[in-house]
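If you read the sequences in order, they're chains H and R.
Position 16, counted from 1, in the first sequence is what my numbering calls 16; the numbers after and before it change by one each time, with no gaps.
Position 221, counted from 1, in the second sequence is what my numbering calls 290; the numbers after and before it change by one each time, with no gaps.
Treat the hints as calculated values from the structure; they're not laboratory data.
It is possible that some hints are incorrect.
[As the list claims (entries may be wrong)] Taking lysine-lysine pairs in the DSS-like style, the calculated list, with each CA pair at most 25 angstroms apart, reads:
| hint | chain 1 | residue 1 | chain 2 | residue 2 |
| --- | --- | --- | --- | --- |
| 1 | R | LYS687 | R | LYS714 |
| 2 | R | LYS677 | R | LYS716 |
| 3 | R | LYS468 | H | LYS67 |
| 4 | R | LYS298 | H | LYS67 |
| 5 | R | LYS403 | H | LYS18 |
| 6 | R | LYS468 | H | LYS20 |
Remember, predicted model here, so these are calculated numbers, not experimental data.
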Amino acid sequence: MKPQDILFILILTILIWKRKSKYFTLAGLFFLILSIPFFNFWIFFTAERLVLYAFTLLLIATTIMIKSD
Amino acid sequence: MKKQFIFTVFVVFLTIIIFKAWFMPGIIAGGDFDFYLPSMFKNYPIYPYAWSWKMQNGLGGFASPLGWLTFNFAAPLFIGSLMHLSYQTIERVAYFFPFLAMCMISPIYLHKKLSLQNNVFAISIIIFLLNTYILMLAGGGQLTIASAYAFSPIFLGLFISLVNITSQTKKQLFKNKIHYYTYNILLLSFALAVLVLLDIRIAYVLLVAAGIYFLQSIKYNLSKQNVLKGLSNILFTFLVPLTISALIHSFWALPTLLHGSSPVNDLGTAYSSTDAVKYFSFAKLENTISLLHPNWPENIFGKVYFMKAEFLLLPILAYSSLFFVSKNKDSRTKNYILYFALLGLLGAFLAKGANEPFGSLYLWMFEHVPGFNMFRDSTKWYTLIAISYSILIPFSVSKIFLWLKSQTKITIYNLQIPLRPWFKNYIPKLFLILTTLYLLLLIRPAILGQLGGTLKTTHVPKEYIALEQYLQKQTQFFRTMWLPTNQRFGYYSNMHPAISARDYFKKYDTAPLLDELKKSNSISSLSEIGIKYIIVPYDSESEIFLTDRKYDNKKFKNTISQLDTIKQLKKIKTFGNITAYEIKNPKDHFWSPQTNIKISYKYINPVKYDVSIRNARKGEQLIFAESFDKGWILQNSKFKVQSSKFKDKLNSYILPEDGNYNLELKYEPQRWVDIGVFISLISLSAILSGLLYLKLKFKKQN
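Chain R with its partners taken away, still in its complex shape (with noise of 0.2 angstroms):
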């Protein structure tokens, strides 16, 4: 136990050794991980709305399937602007202190649930937190990701718990009491609902993984039991969970049901086209069976390196476990083990994606398998593997140094040489601590602190402010179009959304962009979408102006240079190296093409508008310049208008009256969205009610 202790701290240790920035004062932004002034916090409300600004390229777009994610950002944000904190703590306190916990406590929580007589079990916390995905994943900035595979041991533990109490005959279900059960499916639930909040592609791998242990369950008690006490195990264990789920998560789950699109289809062929999977399969099954991330160690995306063969050590450490496995007489340890090799299999075979071998079957399932066109990238699948090495690789170990220590001769055909006891003392402590190190050996850019992305801190620089405060200060409707693309610094809110102009032209190199923009008609085709002004960002970060991976300061300069010459924009004003360009005349959020109406509004919620409407004639044109969506519902007492397209892409309303009247838009689907929330509150009351109720009952009983 003191040796577990001692190992545990040296681990907790080695973690703030490589996650050190998360530990000193900085801020973090990386990646994917999005960086947020003070002034921004504000933007996310913490109640859910079906529709966003920042979606659609920040035109807006209904944003009801994100929702789960969403509220994985307005929730930190929103109450840490209530408790005045800064985004140095929220960051911290909200993501990265709970990951790391998260993903310490979980493997050992999952050893605790599946009782594994393991002596040193304290390695499958360098396996689950310490391997090159997760490494790349955190680093990359994916946290709410990184946080669901934290949480996602917890949830196999409690899943495999509930299938052991179900296959249990109903005599022994009454004596473990059905209080006990009842628990455990609600606690199972919650620990479901979750992990789909963190992220719903972890929570689909997971549900994948749990419905393997089902049926290799199953397969146990097929004989013993008959079918009606299957199904009513196929219903207690994976209906009722999925459908409590589906109630907690009904604010975005019912508004996206309704609504009819599929979301992943909503985001384009570049997230639903089977090439697409074929351009982010970048790992190989070498890979994927060695728990090596492809773009290990610098985090490039696309820049996958050859192989690196000590990896494979893992998998021969991992699968050696089938060879001691075969002599367990505990059947239930054979079980576990047999389960988690599958797992470990499977997640090897799905990780590599489209890749050989049976790269099609991958393809297939992408179109056909319901759920599965979330995973473009196959990587999630990685999950499986850190989940079944974890397990895997401390009961080889513990095996090996057994059996290293039981050791009291070498037999060599007939001639056995006898051991003296200081091979059995110091042989299976070398390995252990050879394991170890082998084990750090793996992940020594670590170490070293090479990676990038969040495992480095970073400032603001001070441009940036200056940029903010001067668009903040300006209180009327306008976008800003970055070009080439966002800058993470860069300020943006519901008044002022900013717009990719590489998105929005769909234009990926800098030259065919600045071509599209000197085009006669392009300039005045931004300013009816609201756009103000153009921002050439500082790339304080070299993530944007790049050849070859590295920043290019010629692309930077010649971006200037080329917008100097377009006419229709007026160079304003320079924050450092930050250039910003104006536009006459943007249009307002509600313009009409008709000059002698006077239109004035007033923004209430993002779902909601109050638009006065004077010296108006019938049959004259309102646009709204938001993404086209005829959800968007113009009405009064009188009269009610859809929205129409507005040169493809805006809302407008044809005008139904002369004169003066008021008018309020409405964005229609926001009251299922209502509805979702009072079933998702009444659902979340009555679970945790549920458990508490049941949790004071069994310390009563105690």
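Chain H on its own, in the form it takes in the complex (with noise of 0.2 angstroms):
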């Protein structure tokens, strides 16, 4: 498991904890936005990792949306 990897099961619980769309969504952006100088940087392991940790997160946040209307 990777530092990012740890940071983001870190993000994630405290998400699910206060279980607000809203937050999933613009934690998903940020990581959407930091991934951009990544993958500009040619740092493709982390810059593919936050990808996928934003998919996750806008995933999330669109469940809990729909559940929740």
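Using the hints, put the two chains back together into the complex; each one sits in its own frame.
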């Protein structure tokens, strides 16, 4: 497990505890933005992980919003 | 409204620049988009047949599973030949212009159907028509898939509209008139039939999208309605359109179903194995979520580029809509945005195929989910992402635009800076201009005319015209073998089918292919399947003789010098850069290993031949040089003989009597096609009459 994975799990735990779709969306968008410089500097492993985290968070955000609607 | 019009004119202008080759004279033939010389038009009958001489690498095969696709090519060629149109005109009128028109109309139609309040919906045309996926698809010559893609928002709009009507209570439905409901069901059924005709895989993708919307709407209505109502919803929104569409497609679906073989498995392991799926999974999650085709911009098969970071702004813009929608009080809009966000994420997950995360799930679905084995190439799922982003991005842009417009001051902690009026006027507009420029920046190779394939015009080299004339004037049946493989301008017909040496010998490098041909029995084996000429093509498009994806003249010359050493081959003629070798005494379409038999035959249609046998002895063999299929039955009033395999590939018949007699060779599965055509025509007429009747009724009422 890489440090970024640990950081993601930590953030995910906090977000799940909060259960607010808005926070999931913001975190998802943040990870996507963060991945841009990594891709730009060809640090692909971390960049790909960040996209994966973003995908997961956006999926959770959408699911929560559909469920609560 | 005026601004929308100006923007739409700008998009049209941009489209003309990008697709300029389609608006200029010249032949368009690139990627998977075939070229047909005028003499080849007649090879494509508009009436569907269960057997095609083109299948199985020119040896003929059961054609019904691809009946929908064949119709797509046969209909324009048939109508074009009736109207004496050139191929340049046919390809533009039948494929290119309808595709462009549909790509512009359909995202706006979807917006209108959803009644989304959005003042920048014209951006959706840029997202939908000018994204890297569709540019690669259209540029790669996959025009029928591209047309299905272009039509897909219309289908989705119709489906959502029908679900919304179905979700209403019975009383409301009655108020809206049952006729309107029926009209929508018929329209959706017809749209599904059109989608299946264009591309069955895109139709499948859209049915998945429709299913998700249906489940989402069921979730909203479950509390209000009982289970019975839910079941009737499924019946009317899915089963009725599916059934009607299946009836319209009976002309190929019925024989395919009754033939009993799996069309995908019949294509071989290159199409049906999970290894093939892994090989074809070029896109990664970062590509799919960014709506970036992995082969952008060169579109060279298998050449995948590093991720282009600038594309990541697309999902950021798209999924920002989730942030805005959480504040939205309009539950209908919220419902739509959530649906399209889910659709985009699902599309991104599926379009990456067997790549991580959870790549094994895709492989599992490929093996176990019915119909999923059509998705060896997972990029078809990009369609969902494109539709999703064509809704989400304009929505986000519109919200950001309105937010910028509404700002009167900037607040940083307790510090409030009032904004000047110019800010309110110009900054939102600047944002729109920058967004549009960003979208154009993403596709700059297309704007600068750097894309190839069908986005460039070409010409037919004169040597291919000379070869066509040489082959066409020979009236007897024979096949040609193209070594290493067919060239896109190479002539072929039902009398002279073309075979790719690569696919025949299953050797994909030139050296082992030539070794195979040099084997002692190779040439006699080719003679048995009726090959008269071996042709080394002129690689005018630099697609065949390649080293590191670039044209290699050494390979071309080496192929010719190697063929010169084979004694059974006679170099007969060179047509410019095309070299043709003749095989002595090739077998005819019908022949016998026994020399005493005299055979004559008449081609009636692709599934029927009249055969006359003279001087036969009981137990002797008649060979029919098409791929073995037990559906080929040789019969007359006295007897009926079923085909058996000859040398593992051709049809052979043991003659049951001595003497002279006339026989009829028929492909039995054709009767299912004939019944299917009847059902298709009746269903189509009924649907169109129903739609016309209801439309006229509405007009009267209004």
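Hints, one by one, checked against the model:
Taken as a hint, the LYS687(R) and LYS714(R) pair is honoured in the structure, with Cα atoms around 18 angstroms apart against an allowance of 25 angstroms. Using a Cα cut-off of 25 angstroms, the hinted pair LYS677(R) and LYS716(R) holds, with the two alpha carbons roughly 23 angstroms apart. Proposed proximity of LYS468(R) and LYS67(H) is supported: the alpha carbons are some 24 angstroms apart, at most 25 angstroms. For the proposed pair LYS298(R) and LYS67(H), the alpha carbon gap of about 22 angstroms is at most 25 angstroms, so the pair holds.
Straight-line distance between C-alpha atoms of LYS403(R) and LYS18(H) comes to about 22 angstroms, which keeps the hinted pair within the 25 angstroms bound. With a CA separation close to 21 angstroms, the supplied pair LYS468(R) and LYS20(H) stays within the 25 angstroms bound.
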